[in-house]
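**Student:** With chain W fixed as given, assemble chain B onto it according to the hints.
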Amino acid sequence: DAGITQSPRHKVTETGTPVTLRCHQTENHRYMYWYRQDPGHGLRLIHYSYGVKDTDKGEVSDGYSVSRSKTEDFLLTLESATSSQTSVYFCAISRTGGSYEQYFGPGTRLTVT
Amino acid sequence: AQSVTQLDSHVSVSEGTPVLLRCNYSSSYSPSLFWYVQHPNKGLQLLLKYTSAATLVKGINGFEAEFKKSETSFHLTKPSAHMSDAAEYFCVVSEDSGNEKLTFGTGTRLTIIP
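Top to bottom, those sequences are chains W and B. Per my numbering, the very first residue in the first sequence carries number 102; after that it's consecutive. Per my numbering, the very first residue in the second sequence carries number 51; after that it's consecutive.
Pulled out of the complex, with its shape left as it was, chain W reads as follows (with noise of 0.2 Å):
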């Protein structure tokens, strides 16, 4: 498996409470990507990152921060959590972007209340 590890696990929270989730790499791979996943949408790109302070917004990006300053670490906050953020958020990484394959952290569960 790749080394990517996700924290927390789970968590629930209130509405409008800020909520940071952590994507941790051992693997050195330049790209990394929050996607959030729900019933009847797949996964949905929310940011990427393509290097250090680079990156970038995916689809559903409103309401989402990232932050990248160090390779092997990827921020998602929510600034003021809503309901509608309740999902299932996936970290993942690739080498390079586009034809490369994604590999996929285990998840984090969040529910806003």
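To be clear, the hints were calculated from the coordinates, so they are not data collected in a lab. Fair warning: there could be bad hints in the mix.
[Stated by the list, open to error] Below, a list of computed lysine-lysine pairs in the DSSO-like style, where the Cα atoms sit at most 30 Å apart: (1) B:99 - B:118; (2) B:108 - B:118; (3) W:158 - B:151; (4) B:108 - B:92; (5) W:171 - B:92; (6) W:154 - W:112; (7) B:92 - W:112; (8) B:119 - B:99; (9) B:119 - B:151; (10) W:158 - B:99; (11) B:151 - W:154; (12) B:119 - B:108; (13) B:99 - B:151; (14) W:171 - B:108; (15) W:112 - W:171; (16) B:92 - B:151; (17) W:112 - W:158; (18) W:158 - B:108; (19) B:151 - W:112; (20) W:171 - W:154; (21) B:151 - B:108; (22) W:158 - W:171; (23) B:118 - B:151.
Quick caveat, the model's predicted, so the values are computed rather than measured.
**Tutor:** Frame of chain W, contents of chain B only:
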């Protein structure tokens, strides 16, 4: 723009019978195509990938998929289903345009009947 359509949200087969999971794609460029599998409460695992080499791609656990450009399809097959194949399967497309993004289908849940 790229997109992918998984034609069945749920497929049920008996153990030992063939599996067919259908996927059509749309892409403005030469696509790379993937199948991922997700077992309950797990992350996603790569089954196989097509990247413009051989059109028939073999993956792990006896799965294979055939890229058919004329039909814009990339269906996943397995000759004989096993109970451990019960999972959700995602067809994924990536354009060879410098775009680093993958686009996922909505998934097909495969149930194996004993």
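**Student:** Now tell me if each hint is right for this structure.
**Tutor:** We went through each hint and held it up to the structure:
no.	hint	result
1	B:99 - B:118	holds (14 Å)
2	B:108 - B:118	holds (15 Å)
3	W:158 - B:151	holds (10 Å)
4	B:108 - B:92	holds (23 Å)
5	W:171 - B:92	holds (26 Å)
6	W:154 - W:112	holds (26 Å)
7	B:92 - W:112	holds (17 Å)
8	B:119 - B:99	holds (15 Å)
9	B:119 - B:151	holds (21 Å)
10	W:158 - B:99	holds (25 Å)
11	B:151 - W:154	holds (18 Å)
12	B:119 - B:108	holds (17 Å)
13	B:99 - B:151	holds (15 Å)
14	W:171 - B:108	violated (36 Å)
15	W:112 - W:171	holds (24 Å)
16	B:92 - B:151	holds (22 Å)
17	W:112 - W:158	holds (24 Å)
18	W:158 - B:108	violated (33 Å)
19	B:151 - W:112	holds (27 Å)
20	W:171 - W:154	holds (8 Å)
21	B:151 - B:108	holds (23 Å)
22	W:158 - W:171	holds (19 Å)
23	B:118 - B:151	holds (22 Å)
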